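Respectively, the protein sequence lines represent chains E and D. Taking the UniProt record's numbering, the leading residue of the first sequence gets 1, the next gets one more, and so forth. Taking the UniProt record's numbering, the leading residue of the second sequence gets 1, the next gets one more, and so forth.
Think of the hints as simulated: they come from the structure by calculation, not from any bench. Since the structure is predicted, the reported quantities are computational estimates derived from the model, not experimental observations.
Within a straight-line C-alpha distance of at most 16 angstroms, the following computed EDC-like cross-link-like pairs (lysine to aspartate or glutamate) qualify:
#1 Lys2(D) - Asp48(D)
#2 Lys2(D) - Asp21(D)
#3 Lys15(D) - Glu42(D)
#4 Lys15(D) - Asp126(E)
#5 Lys2(D) - Asp60(E)
#6 Lys2(D) - Glu19(D)
Restraint ranges, calculated between C-beta atoms of paired labels, are given here:
#7 Met6(D) - Ala57(E): 21 to 27 angstroms
#8 Met6(D) - Asp151(E): 45 to 51 angstroms
#9 Glu194(E) - Gly41(D): 35 to 41 angstroms
#10 Ser4(D) - Ser20(E): 28 to 34 angstroms
Every residue, glycine too, gets a C-beta built ideally from N, C-alpha and C.
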Amino acid sequence: MDESRTVRETYDRIAAHFASTREHPWPEVETFLEGREGSLGLDIGCANGRHAQLLAACTDRVLGVDVSRGLLREARDRANSRRFAVDLVQGDAATLPIRPGRVDIAVYVATIHHLRDRETRVRSLDELARVLGPDGRALVSAWSTAHDRFDSEEGFDTTIEWTLPGGETLPRFYHIYAPEEFRAEVADSALALEAFEVSSGNCYATVRREQ
Amino acid sequence: MKESLMEIVCCPIDKADLELDVEERDGEEIVSGTLTCTECGEVYPIEDGIPNLLPPDMREDATA
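If we strip away everything but chain E, and leave its shape as in the complex, we get (with noise of 0.2 angstroms):
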């Protein structure tokens, strides 16, 4: 089965609700972008875009790539109404459509757990490394063994349902990470490990490419 299109056709079914509840940007977030800035910003999974807004107040520019249309046309609508400047590309965080070398600040966060299997995982982390310029920064973020909900404390693929006001619920791939193994993926990409921590039931990698 492609999983891939599973999480792409649950979230542009759910796009609209979801982005309902998505309100507000993580701290974590906001706490890594303090005091940086940089010409261009990427957000890898920007779903409503509520983390590309922090990254326009930091950058010239800034891309969102998702690859849920319904997802995107989010984004739009909230940087219309919110007067941020969003460029949007429907795409995939395993081969990003994106020039090497480019990227200044990048956050990735709650997204690659989406994909299906390591090999795809380490090679969407190759590909932020990619985009990173030379003193380009990034964080990563997956969910983790550590939140309240999971009882087991080695890393495993579930699936978790999101439920529409309707009562409608659409499955969702997820791969939750022991923090160690988050580590090990890290590890074993061209990106270089700067900062690490668990935090909120997510494990957070602030990265840079190898040199």
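Here the structure of chain E is known, so what remains is to put chain D in place on it, guided by the hints.
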């Protein structure tokens, strides 16, 4: 999309330059058209102002 986006995007598969063909424009905004890879010839649609640069195997039935 804005035409200046051409300086940033590339073919998702081979990362080669893309060639822009505009069908409909609204001021600075390109509403519809195509992006064609100068290397592999793959054609990527721009619909409703948003380019679809998913790799071809993910683009099937992705017009929702």
